[in-house]
Amino acid sequence: MRSAADPCSYVVLKNVSKTFLDGDQKVHAVRDACLVASPGELIVLLGPSGSGKTTLLTLIAGLLSPTSGSLSLFGQSLTSYSNGDLQSMRAKRIGFIFQNFLLIDSIPVVENVAMVLRFSGRGRSDALARARELLDQFGIGYLARKLPSALSQGEKQRVAVARAIANNPELIIADEPTASLETNQGFDIIRLLHDYARQERRCVIVATHDLRIADLADRVLRVVDGRVRVQCPQDQAKEVYPGRPVA
Amino acid sequence: MISYSAKILTGQPLRLAITVAGISLCIVLMLFLLAAYHGVADGSVDYIRKNRSDLWVLSSNAWNILRGSSILLTADAARIEGINGVKSVSSVLFLLTGIRKDGQQATVYLAGFDPEADLGGPPDIVQGRTVNGDDEIVLDRDFARKFNLSLGESVRVRDTLLEIVGISDGTNALVIQYAFVTLRRAQQLIGYPGMATCFLVTTEPGANIRAISEGIKKKVSGVEVYDHETFLKNNIRELQVGFLPFIYTVAAIGVVVLTAILSLLLSVNILERRKDFAVFKTLGSPRGFVSGMVISQSALISLAGCIAAITLYFPLVNFIERVTPEISTRTSIWQMSAVVAVVLAMSVVSSLISMQRLRGIYALEAFS
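Line by line, the protein sequences give chains A and B. Under my numbering, the first residue of the first sequence carries the number 1, and numbering increases by one thereafter. Under my numbering, the first residue of the second sequence carries the number 248, and numbering increases by one thereafter.
Among the clues, some could well be false.
[What the hints assert, rightly or not] Selected chain B positions facing chain A (Cβ under 8 Å, derived; list incomplete):
hint	residue
1	254
2	255
3	522
4	526
5	529
6	531
7	532
8	533
9	534
10	610
11	614
Bear in mind the hints are in silico, worked out from the structure with no lab data behind them. Positions of the beta carbon are idealized from the N, C-alpha and C atoms, including for glycine.
Here chain A stands alone, though its shape is the one from the complex:
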């Protein structure tokens, strides 16, 4: 695991733990996690359901505070951010892709994309223009006025990526982005994110239990029982699920 943090690193976790209380029981969702995420790389957090991947992502997004350890985002300790700073940071510097994409069903595709631009402070017409431009880039400009409920999974996937990169964020956090997709569509989305990381010198962190996408990652981190135990090259990913083939 990278130990020395590059001053340009977007995310630095040092011995971060997160414990929840479930009644009288303590649940250790993340234990002593260390991670450095820098520009230009796509990191895959690989592990089975309940391993703590999502908790790790929400810590990185500043949605949760660590119980112990230190967490820096964009060169600044998480504790130094006010709630307003965190909100502003999520709007401007972090893009999100959720499991099942979570597009807002009641508003058209173009407004789903424009929404994050509005959150970052852009005017309505400017945001809509940029959203249309992005949809055109992704070859789905014709879907702009459609409601997400009318879209196929593949189309939703592209809209979700467009929404995530609309503000050209330094960091993209993706939670199980391939969960509801066929293999090819899964590869497509990871390829898009990989290209974005490389071309724009941005960082993408993907949490998944899908071994197939490990091939495209720059780094694969194994998450088991809340521990980021191994920084493994792609060919070691199969250690996470012994006996199962890596796609």
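Dock chain B against the given chain A, drawing on the hints supplied.
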């Protein structure tokens, strides 16, 4: 934000329509109660308001004519006339009596006045003329419409047939309507020729009203004298005491129902779109965006309710007044503005109630 809110609302058109209908009916109810109150208030006191007398003389136990029993002797009128500064004194006798016509019967508040003095008669004649003779009667317009009575027809009061010679306006007090006959006829109907309810006194220009009042009380024992303004206020107060609590209670129920409907819809919308709200929070929606969406949804529904209510209100009131003519309403811009203000205030209250649900929605839910 408003466009998101509008789209969320229109995403469930049937639910939105039912909610707007419910809210608009509550608004119509409030508007109608206010208008009915003003109709009654005007109808009840117009008789007094438009009366030209300077002083009203009643038994000392009565301070209004709506809910007071005053018994005076007409002979005392002559004693008042002798007071310096008094121009004229006119006796008026009020009694509740039944009117019959072709098997129908109804009760009126009959005012017997002296036609020659031209004081104490109908405030506005909208058809025909005032009474001149003892066999004539003037009826309230809404009363005449309700019982389908018109000029030239006769109605029976006790055993006496009275011809309808005029129709008056501003004489509908909702639960009872005024009718007008000569003082002599009213006295004959009650069976006591020398009896009156009150004396209407006019004074010479520049006369000292207070001195005249004192003079009347000295000359006639057991009476109270009120100037025109005080007597009008007494009657309005009496009406308010008897009627306003009812209006307020029903209107308050309307407001509570409106708030409950609105809060329910907003809460259901929040719970149904819980994931959307979590996504908004995760994506870094600005402070106040999510709660602003709830407020704007509430405001949009309230506004739609107000527009629907105002569109519905006038045809509905016309229909009600046609079916039940004794219900007389007076609607003003002021009343409408007041109701709209109350509705908008309640929409804010509903938003605040519903916003409690937002506290339980966490950004983390977008990852579950």
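Consistency of the hints with the structure:
| no. | hint | in the structure |
| --- | --- | --- |
| 1 | 254 | holds (5 Å) |
| 2 | 255 | holds (5 Å) |
| 3 | 522 | holds (6 Å) |
| 4 | 526 | holds (5 Å) |
| 5 | 529 | holds (6 Å) |
| 6 | 531 | holds (3 Å) |
| 7 | 532 | holds (5 Å) |
| 8 | 533 | holds (6 Å) |
| 9 | 534 | holds (7 Å) |
| 10 | 610 | holds (5 Å) |
| 11 | 614 | holds (5 Å) |
In this structure, every one of the numbered hints holds.
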